[in-house]
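With the hints as constraints, model all of the structure from the sequences given.
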Amino acid sequence: MNRSVLILGASSDIARAIARKFGSEGWSLLLAGRDVELLSRDAADFRLRYKVDVEAFGFDAVAFESHARFWDSLPGKPEGVICVFGYLGGQKVSERNWDEAKKAIDTNFTGAVSILNIAANDFEERKSGFIIGISSVAGDRGRMSNYIYGSAKAGFTAYLSGLRARLSKSEVKVMTVKPGFVATRMTEGMSTPALLTATPQQVAADVMRAYKRGKPVVYTRWFWKYIMLIIVHIPERVFRKLKL
Amino acid sequence: MLAHGWGRYPSIDAKSFTFNSEADLRARLKSISSGSAIARGLGRSYGDSSLSENLLSTSRLNRFISFDDTTGDLVCESGVSLSEILDVFVPRGWFLPVTPGTRFVTVGGAIASDVHGKNHHNAGSFSNHVKWIDLILADGSVARCSKSERPELFMATCAGYGLTGVILRAAVRLQTIETAYIRERTIRTKNLDEALVAFDEQAGWTYSVGWIDCLAGGKHLGRSVLMLGEHATRRDIGESKDPFRLRPNRELSVPFELPGFFLNTMTVRAFNSVYYGKASSGERIVRYEPFFYPLDGVHNWSRIYGKRGFVQYQLVLPKESGKEGLKKILERTASKGLGSFLAVLKLFGKEDAPYLSFAKEGYTLALDFPITSSLFKELDEMDSVVSNYGGRIYPTKDSRMKGEMFYAGYPQIDKFKEVRAAVDPNRRFESLQSRRLGI
Numbered sequence: 001m002n003r004s005v006l007i008l009g010a011s012s013d014i015a016r017a018i019a020r021k022f023g024s025e026g027w028s029l030l031l032a033g034r035d036v037e038l039l040s041r042d043a044a045d046f047r048l049r050y051k052v053d054v055e056a057f058g059f060d061a062v063a064f065e066s067h068a069r070f071w072d073s074l075p076g077k078p079e080g081v082i083c084v085f086g087y088l089g090g091q092k093v094s095e096r097n098w099d100e101a102k103k104a105i106d107t108n109f110t111g112a113v114s115i116l117n118i119a120a121n122d123f124e125e126r127k128s129g130f131i132i133g134i135s136s137v138a139g140d141r142g143r144m145s146n147y148i149y150g151s152a153k154a155g156f157t158a159y160l161s162g163l164r165a166r167l168s169k170s171e172v173k174v175m176t177v178k179p180g181f182v183a184t185r186m187t188e189g190m191s192t193p194a195l196l197t198a199t200p201q202q203v204a205a206d207v208m209r210a211y212k213r214g215k216p217v218v219y220t221r222w223f224w225k226y227i228m229l230i231i232v233h234i235p236e237r238v239f240r241k242l243k244l
Numbered sequence: 001m002l003a004h005g006w007g008r009y010p011s012i013d014a015k016s017f018t019f020n021s022e023a024d025l026r027a028r029l030k031s032i033s034s035g036s037a038i039a040r041g042l043g044r045s046y047g048d049s050s051l052s053e054n055l056l057s058t059s060r061l062n063r064f065i066s067f068d069d070t071t072g073d074l075v076c077e078s079g080v081s082l083s084e085i086l087d088v089f090v091p092r093g094w095f096l097p098v099t100p101g102t103r104f105v106t107v108g109g110a111i112a113s114d115v116h117g118k119n120h121h122n123a124g125s126f127s128n129h130v131k132w133i134d135l136i137l138a139d140g141s142v143a144r145c146s147k148s149e150r151p152e153l154f155m156a157t158c159a160g161y162g163l164t165g166v167i168l169r170a171a172v173r174l175q176t177i178e179t180a181y182i183r184e185r186t187i188r189t190k191n192l193d194e195a196l197v198a199f200d201e202q203a204g205w206t207y208s209v210g211w212i213d214c215l216a217g218g219k220h221l222g223r224s225v226l227m228l229g230e231h232a233t234r235r236d237i238g239e240s241k242d243p244f245r246l247r248p249n250r251e252l253s254v255p256f257e258l259p260g261f262f263l264n265t266m267t268v269r270a271f272n273s274v275y276y277g278k279a280s281s282g283e284r285i286v287r288y289e290p291f292f293y294p295l296d297g298v299h300n301w302s303r304i305y306g307k308r309g310f311v312q313y314q315l316v317l318p319k320e321s322g323k324e325g326l327k328k329i330l331e332r333t334a335s336k337g338l339g340s341f342l343a344v345l346k347l348f349g350k351e352d353a354p355y356l357s358f359a360k361e362g363y364t365l366a367l368d369f370p371i372t373s374s375l376f377k378e379l380d381e382m383d384s385v386v387s388n389y390g391g392r393i394y395p396t397k398d399s400r401m402k403g404e405m406f407y408a409g410y411p412q413i414d415k416f417k418e419v420r421a422a423v424d425p426n427r428r429f430e431s432l433q434s435r436r437l438g439i
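The listed protein sequences correspond, in order, to chains R and F. Residue numbering for the first sequence follows the working numbering, beginning at 1 and increasing consecutively. Residue numbering for the second sequence follows the working numbering, beginning at 1 and increasing consecutively.
Hints listed in this document are in silico derivations from the structure and should not be mistaken for laboratory results. One or more hints might be untrue.
No farther apart than 30 Å at their CA atoms in a straight line, the calculated lysine-lysine pairs in the DSSO-like style are these [stated by the list, open to error]:
#1 F:Lys15 / R:Lys243
#2 R:Lys21 / F:Lys241
#3 F:Lys402 / F:Lys327
#4 R:Lys92 / R:Lys241
#5 F:Lys241 / R:Lys51
#6 F:Lys15 / R:Lys103
Ranges of calculated distance between the beta carbons of each label pair, as one might list FRET restraints [unchecked claim]:
#7 R:Ser66 / F:Gly140: 28 to 36 Å
#8 R:Glu236 / F:Asn426: 50 to 58 Å
#9 R:Glu37 / F:Arg284: 45 to 53 Å
#10 R:Ile227 / F:Gly35: 35 to 43 Å
#11 F:Ser373 / R:Val238: 48 to 56 Å
#12 F:Lys417 / R:Ile227: 51 to 59 Å
#13 F:Asn426 / R:Asn121: 57 to 65 Å
#14 F:Ile65 / R:Ser24: 16 to 24 Å
#15 R:Phe64 / F:Ile65: 29 to 37 Å
#16 R:Lys243 / F:Asp69: 51 to 59 Å
Yeah, the Cβ is synthetic: ideal placement off N, Cα and C, and Gly gets one too.
Here it is in structure tokens:
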């Protein structure tokens, strides 16, 4: 009964909330991210709170060439992987500055594909495991206000969808999570509508519930499913005029 | 963003910053371009103690660091809430050394306000159980202080309202408990005299607090319900109960601000009569939450006071003159129909050491008043009564007292100012309150 989960990009608010959720249910935690010092503080906290094994590892989503080594260095492979890292960036900057656009694409899409390919092959061979990817509602339709980020997330959503189909034959579950507005450090200073903005804890609770029910795709909060249903169906000539 | 305290008055359009580490906070402090800054935890101080142009929110600085299960010493970051400590440590047989009437305050806030609880008469205030504090000073350096290391900084930081710097971490000593239950005794008293006598007679109880019906006048003036408590032993609760397993409570919430007319003399009178009538004398075993946190079960209860908000007026009067002073205050409240929804009375123990700690030996009374156009004038008059009897007001609850009132009540303010001038000469850390009071 020593189930373990690897959390990639573990220092973000959503990742911390997810780690707490899994930790509180007795899961061992492998925390991976760039700032190992910070993650070590989280590790100490989770150990104290939940009396579970927690370890922190250095991991950089955009250092693709290091991913295979990172995976091999893990002490025992986790039962599941939760891919939380992402980079919002600035839409306006990304339009003119290739480095900024590339960073969004590399972090949200390429980096995720790189590390999850490795995990997926391992799990497929083992015929067990799960992969949870934190994508975004921004990937459901490119909007003028954040289509660089949105298109990278759209790529990630499509990737997870294909991966899910492939791994379904090997008893490996793949879940796509699409959060809407979440009050995190990433969105600090943005004015998001209070009623539509979730807390990281709500997102984590939604992820855990959906994981237990074996859902393929989950929107969090739930109402985003309906908001996005409307948004994807707005005719192009109307959509163009909306300041979305 | 528009920020306000628990009393929903006053409010300020402020910038809020969060931080994950010292380095992060240092960078945030540098990035502040205009105005002052003040640390803020869960925003449970009632008035303007945690309001400024820039709010340094400890919401992401909320990790446990270590726990020594031989001594009970818990080291944690300042944004950890008392609620989190209870959730984690009560099932392991540990309890807070001192707790205020809400569990939704942070460790940093509990130190900065030097909060007190129902055991003040034997345990002192929260800071009395703090072994050391790490705080970031205005110049970006980190200072550790304790009763023996930089003691002046320690005495100024406890009950320092965030004015000496931002508390990053602290070590707090928890106390052991045998069960998560409280053996509670309730005593009804007919008037104030009886209540004060009862406090003295029952001083042997670890926890004591009284609830006063402020609207009862004449010979019923100060009629009260006294609630006394001890941590229940295993024998108290009986074999059948698991000592620490509590079923989760259902929580209520006040979803929006109720219209101003909701609270008036009639509704408050009705509430108080019911409450007084309901309280039966005798002993019983209760879970710790309803004993310590009766209002935490109703989230956002402060919204019942409506959009204009409310003031909690908490005073302390020295024991010798206290009885007479309390009578005067209660007579005023009763005759003007100021409608206090909650009036809490407690006998404090010895004064605490920090320079600006509120508690001192005597009686403390806390009254909630919805804000009306005439309230502040009334409270100014009440201030002079308090002042005449040698009392003072609790800044954590305050949003309106005048500077003179504060200075008269806190004779150690000069020592405090000396420390502050040394660590923050340019007043990077200021709150609306510190400016209003001229600290």
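How the hints compare with the structure:
Our distance criterion of 30 Å between C-alpha atoms is met by Lys15 (chain F) and Lys243 (chain R), whose separation comes to about 26 Å. In summary, the hint linking Lys21 (chain R) to Lys241 (chain F) is supported, as the alpha carbons are separated by about 28 Å, within the 30 Å threshold. The hinted pair formed by Lys402 (chain F) and Lys327 (chain F) meets the criterion: a straight-line CA distance of about 23 Å does not exceed 30 Å. Taking the CA atoms of Lys92 (chain R) and Lys241 (chain R), the gap is about 18 Å. The hint holds against a cut of 30 Å.
Between Lys241 (chain F) and Lys51 (chain R) the CA atoms are separated by roughly 24 Å; this keeps the pair inside 30 Å, and the hint holds. With a CA separation close to 28 Å, the supplied pair Lys15 (chain F) and Lys103 (chain R) stays within the 30 Å bound. The hinted window of 28 to 36 Å between Ser66 (chain R) and Gly140 (chain F) holds, with their beta carbons roughly 34 Å apart. Checked against the given bound of 50 to 58 Å, the beta carbons of Glu236 (chain R) and Asn426 (chain F), roughly 57 Å apart, stay inside it.
For the hinted restraint 45 to 53 Å between Glu37 (chain R) and Arg284 (chain F), the CB-CB distance of approximately 50 Å keeps it satisfied. The beta-carbon spacing between Ile227 (chain R) and Gly35 (chain F), approximately 37 Å, falls within the hinted interval of 35 to 43 Å. Judged by the Cβ atoms, the range 48 to 56 Å given for Ser373 (chain F) and Val238 (chain R) holds: they are separated by roughly 50 Å. Checked against the hint of 51 to 59 Å, the C-beta distance between Lys417 (chain F) and Ile227 (chain R) comes to roughly 54 Å, which is consistent with it.
One distance hint, 57 to 65 Å for the beta-carbon pair Asn426 (chain F) and Asn121 (chain R), holds here, with the actual separation near 59 Å. For Ile65 (chain F) and Ser24 (chain R), the Cβ-Cβ distance of about 19 Å falls inside the hinted range of 16 to 24 Å, so the restraint holds. Between Phe64 (chain R) and Ile65 (chain F), the C-beta spacing of about 35 Å keeps the proposed range 29 to 37 Å intact. Look at Lys243 (chain R) against Asp69 (chain F): about 57 Å separates their beta carbons, and that is inside 51 to 59 Å.
In this structure, every one of the numbered hints holds.
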